[in-house]
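Asks: Whole structure, please, built from the sequences with the hints as guidance.
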Amino acid sequence: MSENIVEIENLSFSYNNRLLHQGINMCFPRGKVIAIMGGSGSGKTTLLRLIGGQLKPQAGCVRVEGQVVHEQDSAGIYRLRRKMGMLFQFGALFTDLSVFDNVAFPLREHTNLPESIIRDLVLLKLNAVGLRGARDLMPAELSGGMARRVALARAIALDPAIIMYDEPFAGLDPISMGVIVNLIRRLNDALGATSIVVTHDVHETFAMVDYVYFVSEGRVVAEGSPKELRESCLPFVHQFVHGEADGPVPFHYAAPDYLQDLLHA
Amino acid sequence: MLEHLNTSLRGIGHRVIDRMWRLGVATRFFITALALSGESLRRFHLVIKEIYFTGVLSLIIILVSALFVGMVLGLQGYNTLQKYGSAEAVGVLVALSLVRELGPVVTALLFAGRAGTAITAEIGLMKATEQLSAMEMMAVNPIARVVAPRFWAGVISMPLLAALFSMMGVFGGYLVAVPLIGIDDGAFWSQMQANVDFHEDIVNGVIKSCVFGVACTIIALFEGYDAPPTAEGVSRATTRTVVNSSLAVLGLDFVLTSFMISP
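Same order as they appear, the protein sequences are chains Y and Z. Under numbering that gives the first Met the number 0, the residues of the first sequence are numbered 0 to 264, in order. Under numbering that gives the first Met the number 0, the residues of the second sequence are numbered 0 to 262, in order.
Please keep in mind that the hints were generated in silico from the structure rather than gathered at the bench. Heads up, a few of these hints could be off.
Among the chain Z residues that face chain Y by a calculated CB cut under 10 Å, a handful are [as the list claims (entries may be wrong)]:
#1 121
#2 124
#3 129
#4 131
#5 132
#6 133
#7 134
#8 135
#9 136
#10 137
#11 138
#12 139
#13 140
Remember, it's a predicted structure, so these values are computed and weren't measured experimentally. Glycine is no exception: its CB is placed at the ideal position from the N, C-alpha and C atoms.
Replies: Below, the structure written as structure tokens:
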């Protein structure tokens, strides 16, 4: 069994003639929590979709448990996805199902367990995220943080080997953020899973992850442990970690000379 | 001048190619939905749940419309037939108009407006809020789990709704012709019984409503599934559902009628 549960090799991907990734290499060792960080629009979520087989790369490959994802037929991709759980940016809960039924959904779809066992498993997962008491609520009755936690309970319903998080902290208040940070680390260790967290929230991420990849302009521009990156002298990492407005990532979107622009009005 | 003509022709060509491309994608979507229908037919409770949303919740609009359509047919029919001394034939006129044409066609148009738009908006919003992506990532095929049950629910609901429409329309015609105008009760029903043919009229009407059911439901499902995941995308898709379904129903009605009445 390979040490890395997910490996990305020389991956290139473009969308609508825009090159999002060029020659990306990443490794995700078993049992670790790894973050992929970068600015908005740097293709972080796309990487998760490539790992999940929802998109196909133009070059290179993604390997999950040694199998090249894009070479699988649909049955093969679905087999691989059963080993994955994904938390979407805003939860993506099924709005016509209650909290209980949302978490029960993957269990009902993929197992023939009797309802009594499904009930026990759902309550177990909801208890793990602290929302056992909210089982009868509908998604519209949940706050953003609660919806994220229910989605997390649903993502871990089948005890996946890989848990992917797409911007898990977006739009959350500090308390909810702290709860999610704690849950990601605790659930990863309790389930013996590997977590891949796509985010741009530096402080929360550095507090819980084992390793970080920084992505910019389609490439991995820096990688290392949170400690190494905090001390990094690389201009991009320095700008990102310290939240500086200007630097290698310019404040202005590419535009012609300002004076020329004004004169040609 | 020549350049303008060239640009116009190129624009038309692009639009035609785009429409043909979408038609091909829609056909592939339809075939995939059929191929993945096994699960929804095995777990029939999924289809029954959708029959409630598409069929049962459309009942009020269908029945009320049918009552008024039948009453108008009764009035118009009597107004014309009494000039020729055949006022008793108003029952036949109402029944034949409904079971052959108005029942399937008006039901399909109302179905497209009420249930079709709801299906498109629901699936479009499921896409916009990443619910379909979440399903895919849970190794559940959204076409098998979301599209196929709704498809079969639409196909099953439509002939039932059309039958109820015709029934309520005949009742509306009866209310106008017998109690209001005073046509003989026995003549109204006996002429209808003698002149409405089970195979040529009723079965053909059922065939039409089944075809319209397939067309309206697959258009609504495809538009929702193919909608750009934005508020504007979903709103445009909902509009397209009504326009395309209505045109498809009227076009198919002509084709089916010409086959059915040819010797």
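Asks: If a hint holds in the structure, say so; if it doesn't, say that too.
Replies: Evaluation of the provided hints:
1. Using the Cβ-Cβ criterion of 10 Å, the hint placing residue 121(Z) at the interface with chain Y is satisfied: the shortest such distance is roughly 8 Å.
2. Contact between residue 124(Z) and chain Y, as hinted, is supported at the beta carbon level, the nearest pair being about 8 Å apart and thus within 10 Å.
3. Proximity of residue 129(Z) to chain Y holds as hinted, the smallest CB-CB distance being about 4 Å (cut-off 10 Å).
4. A hinted interface residue such as residue 131(Z) counts as satisfied when its beta carbon comes closer than 10 Å to some beta carbon of chain Y; here the least separation is about 9 Å, so the hint holds.
5. Residue-level restraint check for residue 132(Z) holds (minimum Cβ-Cβ distance to chain Y is 7 Å; threshold 10 Å).
6. Look at residue 133(Z): its Cβ gets to within about 4 Å of chain Y, closer than 10 Å, so that hint holds up.
7. Evaluation of the residue 134(Z) hint against chain Y yields a held restraint, the C-beta minimum of about 8 Å falling below 10 Å.
8. Annotation: residue 135(Z) was flagged as interfacial toward chain Y, and the flag holds, the nearest CB pair being 6 Å apart, inside 10 Å.
9. For the restraint placing residue 136(Z) at the interface with chain Y, the shortest Cβ-Cβ distance is roughly 4 Å, inside the 10 Å limit, so the hint holds.
10. The restraint placing residue 137(Z) at the interface with chain Y holds, with a minimum CB-CB distance near 5 Å, inside the 10 Å limit.
11. Against a cut-off of 10 Å between C-beta atoms, the interface hint on residue 138(Z) holds, since the closest Cβ of chain Y lies about 4 Å away.
12. Interface restraint check: residue 139(Z) against chain Y, minimum CB-CB distance 5 Å, threshold 10 Å, status holds.
13. Checking residue 140(Z) against chain Y by beta carbon gives a least distance of about 8 Å; that is within 10 Å, so the hint holds.
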